[in-house]
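**Student:** In the order they appear, the protein sequences are chains A and B. Note that our numbering gives residue 12 to position 4 of the first sequence, counting from 1, and the numbers run on in steps of one. Note that our numbering gives residue 368 to position 332 of the second sequence, counting from 1, and the numbers run on in steps of one.
Since the hints were made in silico from the structure, they are not lab data. Built from N, CA and C at the ideal position, the CB exists for glycine as well. Careful: at least some of the hints might be erroneous.
Okay, derived cross-link-like pairs now, SDA-like style, lysine to any residue, Cα gap no bigger than 25 Å in a straight line [to be verified]:
hint, chain 1, residue 1, chain 2, residue 2
1, B, Lys200, B, Arg139
2, B, Lys200, B, Ser167
3, A, Lys64, A, Asp50
4, B, Lys422, B, Arg434
5, A, Lys65, A, Ala146
6, B, Lys282, B, Gly261
7, A, Lys65, A, Glu90
8, B, Lys350, A, Ser122
9, B, Lys350, A, Asn275
10, B, Lys350, A, Glu80
11, A, Lys94, A, Arg41
12, B, Lys350, A, Asp118
13, B, Lys350, A, Ala146
14, B, Lys350, A, Ser104
15, A, Lys278, A, Ser308
16, B, Lys350, A, Thr119
17, B, Lys350, A, Glu90
18, B, Lys350, A, Lys64
19, B, Lys350, A, Gln121
20, B, Lys350, B, Gly440
21, B, Lys350, A, Ala125
22, A, Lys94, A, Asp129
23, B, Lys200, B, Gly181
24, B, Lys422, B, Ala383
25, B, Lys350, A, Ser308
26, B, Lys350, A, Ile123
For each label pair, taking beta carbons as the anchor points, the in silico distance ranges come out as [unchecked claim]:
hint, chain 1, residue 1, chain 2, residue 2, range
27, A, Pro217, B, Pro358, 25 to 33 Å
28, A, Pro217, B, Gly333, 37 to 45 Å
29, B, Arg434, A, Gly71, 52 to 60 Å
30, B, Asn356, A, Ala125, 16 to 24 Å
31, B, His223, A, Pro62, 49 to 57 Å
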Amino acid sequence: MTDQLLEAEPTAPLVDSTAIDIGANLTGIAQLRAEQIQLILDTAEHFREVSERPIKKVPALRGKTVVNLFFEPSTRTRTSFEIAGKRLSADVQSVSASTSSIVKGETLLDTAQSIEAMEPDILVIRHESAGAADFLAARCAAAIVNAGDGAHEHPTQALLDALTIRQSKRDFRGLRVAIIGDIAHSRVARSNILCLKKLGADVVLAGPPTLLPTRADAFGVEVHREMNSAIAGADVVMMLRVQVERGGNLNLPSTQEYFKLFGLTENRLKLANEDAIVMHPGPMNRGVEISSSVADGPRSVILQQVSNGLAVRMAVLYLLAGGTARNAESAS
Amino acid sequence: MPNLLLKGGRVIDPTQHMDAEVDVLIEDGAIAAIGPELDANEAEVVDVAGHIVAPGFVDMHVHLREPGYEYKETIESGMRAAAAGGFSAVACMPNTDPINDHRSVTELILERAKAGAVHVYPIGAVSAGQSGEALAEIGELVDAGCVAISDDGYPVATAQLMRKALEYSQMFDIPVIDHCEEVSMTHGSVMHDGAVSAELGLRGWPAAAEEITVSRDLIVADAVGGKLHLAHLSTAGSMHLVRDAKRRGSTATCEVMMHHFSLTDEAVRGFDTNTKMNPPLRSEADRQALLEAIADGTVDVLATDHAPHHADEKLLEFDNAPFGIIGLETAIPLACTHLVHGGVIDANRLVEMMATNPARILGVGRGGLSVGAPADITVIDLDLEKEVAAESFETLSRNTPFDGVTLRGWPVLTIVDGNVIWRAA
Numbered sequence: 009m010t011d012q013l014l015e016a017e018p019t020a021p022l023v024d025s026t027a028i029d030i031g032a033n034l035t036g037i038a039q040l041r042a043e044q045i046q047l048i049l050d051t052a053e054h055f056r057e058v059s060e061r062p063i064k065k066v067p068a069l070r071g072k073t074v075v076n077l078f079f080e081p082s083t084r085t086r087t088s089f090e091i092a093g094k095r096l097s098a099d100v101q102s103v104s105a106s107t108s109s110i111v112k113g114e115t116l117l118d119t120a121q122s123i124e125a126m127e128p129d130i131l132v133i134r135h136e137s138a139g140a141a142d143f144l145a146a147r148c149a150a151a152i153v154n155a156g157d158g159a160h161e162h163p164t165q166a167l168l169d170a171l172t173i174r175q176s177k178r179d180f181r182g183l184r185v186a187i188i189g190d191i192a193h194s195r196v197a198r199s200n201i202l203c204l205k206k207l208g209a210d211v212v213l214a215g216p217p218t219l220l221p222t223r224a225d226a227f228g229v230e231v232h233r234e235m236n237s238a239i240a241g242a243d244v245v246m247m248l249r250v251q252v253e254r255g256g257n258l259n260l261p262s263t264q265e266y267f268k269l270f271g272l273t274e275n276r277l278k279l280a281n282e283d284a285i286v287m288h289p290g291p292m293n294r295g296v297e298i299s300s301s302v303a304d305g306p307r308s309v310i311l312q313q314v315s316n317g318l319a320v321r322m323a324v325l326y327l328l329a330g331g332t333a334r335n336a337e338s339a340s
Numbered sequence: 037m038p039n040l041l042l043k044g045g046r047v048i049d050p051t052q053h054m055d056a057e058v059d060v061l062i063e064d065g066a067i068a069a070i071g072p073e074l075d076a077n078e079a080e081v082v083d084v085a086g087h088i089v090a091p092g093f094v095d096m097h098v099h100l101r102e103p104g105y106e107y108k109e110t111i112e113s114g115m116r117a118a119a120a121g122g123f124s125a126v127a128c129m130p131n132t133d134p135i136n137d138h139r140s141v142t143e144l145i146l147e148r149a150k151a152g153a154v155h156v157y158p159i160g161a162v163s164a165g166q167s168g169e170a171l172a173e174i175g176e177l178v179d180a181g182c183v184a185i186s187d188d189g190y191p192v193a194t195a196q197l198m199r200k201a202l203e204y205s206q207m208f209d210i211p212v213i214d215h216c217e218e219v220s221m222t223h224g225s226v227m228h229d230g231a232v233s234a235e236l237g238l239r240g241w242p243a244a245a246e247e248i249t250v251s252r253d254l255i256v257a258d259a260v261g262g263k264l265h266l267a268h269l270s271t272a273g274s275m276h277l278v279r280d281a282k283r284r285g286s287t288a289t290c291e292v293m294m295h296h297f298s299l300t301d302e303a304v305r306g307f308d309t310n311t312k313m314n315p316p317l318r319s320e321a322d323r324q325a326l327l328e329a330i331a332d333g334t335v336d337v338l339a340t341d342h343a344p345h346h347a348d349e350k351l352l353e354f355d356n357a358p359f360g361i362i363g364l365e366t367a368i369p370l371a372c373t374h375l376v377h378g379g380v381i382d383a384n385r386l387v388e389m390m391a392t393n394p395a396r397i398l399g400v401g402r403g404g405l406s407v408g409a410p411a412d413i414t415v416i417d418l419d420l421e422k423e424v425a426a427e428s429f430e431t432l433s434r435n436t437p438f439d440g441v442t443l444r445g446w447p448v449l450t451i452v453d454g455n456v457i458w459r460a461a
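For reference, chain B alone in the conformation it holds in the complex:
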């Protein structure tokens, strides 16, 4: 592995409160030195002048579909998509077939992940078979390599199961990640319950259905402790609940998806099934509340919920198409365009929400650029303007509503353990 000198970039590392034009020297896969005008010695010099040099971005919410749905995505194709999207690591949800509720599945995922270069952190199921009835063998899952548990795709079915999961997981110090949805209110729902669903005659998924489960989880976590992480929050009410909980001292964390702050339910007009996901695109008032919560620190993490589906599956009536949107290869440009250039946050906060915080929540010991740390690095050209070209994506699927949209701020280089694993063409 050649040593690298990243020269002239704007290095941002929230763990050291660093935002400075300095060089980064990488030796033997780790950060060897950070400082002005470093000597290259034998290292290969990479000119990153004018670009942001950040700890490797971590997408803590993706669906890699393998095992079971390799026609949508494989671990290998998902890893390529992650690298091309500027991510050095992804955490993959357990709703595969078979479900990752057993160490043999975790082991298979990690074995397959050797084919690629980004880190893959498996997330195990909370309940056996994600059926909401009995705990999965969480100790075994962690021992095999799982970094968190979730029944994502579904909510943790009951308050009692959430209580037991938060209690049991404390032995392993791993987060319990919940998909918040009170399913008695969302049966048959395909889009946000609001003005647009009223007009289109599509069944609405009420904001309250998310907020009820957010409330339940926050209350249970207050009572029993544990590391609660609330996935893909999408409503103004959820933001209020999390903000209030944090003010009261809750250690719960939460994430918001790129599509939820980029689009609203207005995008569903025309019945494009690429605008169908769970939770759904919300109202403009919800979107504004997400932006506010991203700015004020209520939101800890930005993620994608990368959920590939085959084109044939999406080429259906809106009611019958599956929920999901891909996101790995549009995440950074959406965040740069809407949040950084949109004046919502600065680049430091972006790095915190896409690298430092997800790495900390998952407890994977990365997310910073301290000397001696593994050299996972994402380099971003904040001013590069480019059209999204879905046909050239690395992911196997194309279910994005952003194809053809011009965005500003793209990744240009992804480094994992000191190796350049992707470079913009």
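Okay, chain A solo, but in the shape it has when bound:
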């Protein structure tokens, strides 16, 4: 219901961002109002410049401890959170499932509580099960940041995507964003749908029906079962990673056939608007969901997404640790 209200009333420019915060945890975009999303993006803009300095460090989170608890393999997101914490002068420790006691049969909650006993301020969690971050947020004193829970949410990805889009496009309102690929298993898609809707954009989904949820209509956005109609007139084309191993061979016959039906090629990109940007959350499968010429081409903002990821994660860590947007300006 809140979503509908926000859609009906597009976000006003922030006047006094110090009056709002983003809550005690960030487990999903679902919990955020549009003004909170804008606050995170504004804060991220302040921090972007830190990474361009010769001394890439500010003392904003000095004395704070951030623990990254990763139960799934991740290079990009984990590194991004690590560097984000370090550039804010927090003490950062990463724990991955292979080295944790998970393999000894300890439960998620026991692992989290053991780490909590060392008084971290923020716990960043990635887990293969939907709801894992919400589960911990309800039971831990530290602020929980969801770095991806199953096919549920990946809020910092959606936020960095929104920041990237905002840098290229003036306004989210009326913007046509096509999200293409494995929607069913994608937390990136779910968080992006929520985030873009809240910001006023029009979202279009496309993928083979085997990789769409049975009730894809539940997202309340356009759903296409082939690619061309979905990217026609798009301002943003967001490609998702296709995991061919998921569901055996029942979802997709081959990567070659997938590329033929849903791969983003230069030819297909011509269907989108002239100034359309191309996004991908990574890691990419070149020649499966995207051709190299598009991925490395002039419309691609894929590497910009990665650098924005750092700024967004700095902003999220900073805001959860009690900072305000106004102070972020002076902190940076």
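Following the hints, position chain B against chain A.
**Tutor:** Quick look at chain B alone, frame taken from chain A:
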């Protein structure tokens, strides 16, 4: 055993088409007389004015967990929970450890059941080891005391096994109870496949997976006969299939669980693992279809699928928590609140679905209040409003999403063979 006179209640007995304010006299464990203003003689008078007096309720689908999982429930604790829930009898599913696929397990269950007062009717396995490959020694199981067979927890694995089970069981006139699930469609599924699973990113268990097995079973039963009973049906499609089959003359019966008409998949938002069970909570359209089928007679039985799990097992990520919800101590209030007070059915139909029909399907010779019948009786205060207080449950487990919910219509007295075995505090 003192004789009892239940005075002034509203006596409902579908087997005699009775719904009247009369007294019930119990002598030597059996119904001695039913009528207005009965003389107490030496009997202890129990005032049940304003309450429903019904044949003892039978929960034909519970998991008592013993042997093997005594940390979740024991036969004795499960029996106490049943009594406190207003049930005079329960039928327990065979997925224990060891599985009740051998008479020695049946005998152990019945031996342990002597510790409590409610009747325990063991249900044996259809297949040895519930592995879906070979028939269990069904004759031996029946001889030892099993009243039905089921591979519950799993479906009867193949159409051929269902065919053979329905054929073989005819020698013993016992029902074959199936958990309907086409497992090729539910691998890794943890909630209903619908709008909420799409949003939450949890793997969906499609309604079709249940309905495919319902169809298979109805077709096999049409072909070979036998007593088919379809357990815990949860979807609109299943209701259509059973309704159509009954219209065509099928003698198959079916049951619906309290949680399936009380909640929908919306309850899974928030990832409370107490909302995870198999089959899962379905959509509102499914819930409405269940209510309609409960009202029109398509549904024969209401049951609980009482499936206790230790708190530690449920304190996990949604994907990794076990399926199951306890139900014995919330069953009657859920049914009274949502069905009777909800205007779906009257109290007569409630008694039919919770006492008469399960007793008839299991062939245990109870479920009515005819003179001479064993005095198993459930007394219900239809207007009593109370909050569910899980901490005071008799069951060893607490996996219920109904804790703290206010419900209207609670059991107040449970009588088995003329003995008061539980009375509301």
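**Student:** Hints first: check each against the structure and report whether it holds.
**Tutor:** Now the hints, each set against the structure:
About 20 Å separates the Cα atoms of Lys200/B and Arg139/B, which keeps this hinted pair within 25 Å; it holds. Restraint check for Lys200/B and Ser167/B: the C-alpha separation of about 15 Å stays at or below 25 Å, so the hint holds. Distance hint between Lys64/A and Asp50/A is fulfilled; the C-alpha atoms sit about 19 Å from each other, no more than 25 Å. This hinted pair checks out: Lys422/B and Arg434/B have alpha carbons roughly 18 Å apart, not beyond 25 Å.
In summary, the hint linking Lys65/A to Ala146/A is not supported, as the alpha carbons are separated by about 32 Å, beyond the 25 Å threshold. Pair hint Lys282/B plus Gly261/B holds up; C-alpha atoms about 14 Å apart against a cutoff of 25 Å. The hinted pair formed by Lys65/A and Glu90/A meets the criterion: a straight-line CA distance of about 13 Å does not exceed 25 Å. A threshold of 25 Å between alpha carbons decides the hint, and for Lys350/B with Ser122/A the separation of about 19 Å falls inside it, so the pair holds.
Proximity of Lys350/B to Asn275/A is assessed by CA-CA distance (about 51 Å); at most 25 Å being required, the pair is judged violated. Restraint check for Lys350/B and Glu80/A: satisfied, since their Cα atoms lie roughly 22 Å apart, inside the 25 Å limit. Distance check on the hinted pair: Lys94/A and Arg41/A sit about 28 Å apart at the alpha-carbon level, beyond 25 Å; violated. For the suggested pair Lys350/B and Asp118/A, the alpha carbons sit about 14 Å apart, so the restraint of at most 25 Å is met.
Between Lys350/B and Ala146/A the CA atoms are separated by roughly 15 Å; this keeps the pair inside 25 Å, and the hint holds. Distance check on the hinted pair: Lys350/B and Ser104/A sit about 24 Å apart at the alpha-carbon level, within 25 Å; holds. Annotation: proposed proximity of Lys278/A to Ser308/A holds, straight-line Cα distance about 14 Å (limit 25 Å). The hinted pair formed by Lys350/B and Thr119/A meets the criterion: a straight-line CA distance of about 16 Å does not exceed 25 Å.
For a cut-off of 25 Å, the pair hint linking Lys350/B to Glu90/A is broken: about 32 Å separates their Cα positions. Proposed proximity of Lys350/B and Lys64/A is contradicted: the alpha carbons are some 45 Å apart, above 25 Å. Taking the CA atoms of Lys350/B and Gln121/A, the gap is near 17 Å; set against the 25 Å cutoff, the hint holds. Between the alpha carbons of Lys350/B and Gly440/B the distance comes to roughly 18 Å, so the proposed pair stays at or under 25 Å and holds.
Note on Lys350/B and Ala125/A: the hinted pairing holds, with a Cα-Cα distance of about 23 Å set against a maximum of 25 Å. Taken as a hint, the Lys94/A and Asp129/A pair is honoured in the structure, with Cα atoms around 14 Å apart against an allowance of 25 Å. For the hint pairing Lys200/B with Gly181/B, the CA-to-CA distance comes to about 21 Å; that is within 25 Å, so the pair holds. For a cut-off of 25 Å, the pair hint linking Lys422/B to Ala383/B stands: about 19 Å separates their Cα positions.
This hinted pair does not check out: Lys350/B and Ser308/A have alpha carbons roughly 45 Å apart, beyond 25 Å. Restraint check for Lys350/B and Ile123/A: the C-alpha separation of about 21 Å stays at or below 25 Å, so the hint holds. At about 32 Å, the CB distance of Pro217/A to Pro358/B agrees with the hint of 25 to 33 Å. The hinted range of 37 to 45 Å is satisfied by Pro217/A and Gly333/B, whose Cβ atoms lie roughly 38 Å apart.
Taking 52 to 60 Å as the suggested C-beta distance range, the pair Arg434/B and Gly71/A does not conform, at roughly 41 Å. Roughly 23 Å separates the CB atoms of Asn356/B and Ala125/A, a value that falls within the hinted 16 to 24 Å. The hinted range of 49 to 57 Å is satisfied by His223/B and Pro62/A, whose Cβ atoms lie roughly 54 Å apart.
Hint violations for this structure: numbers 5, 9, 11, 17, 18, 25, 29, all remaining hints satisfied.
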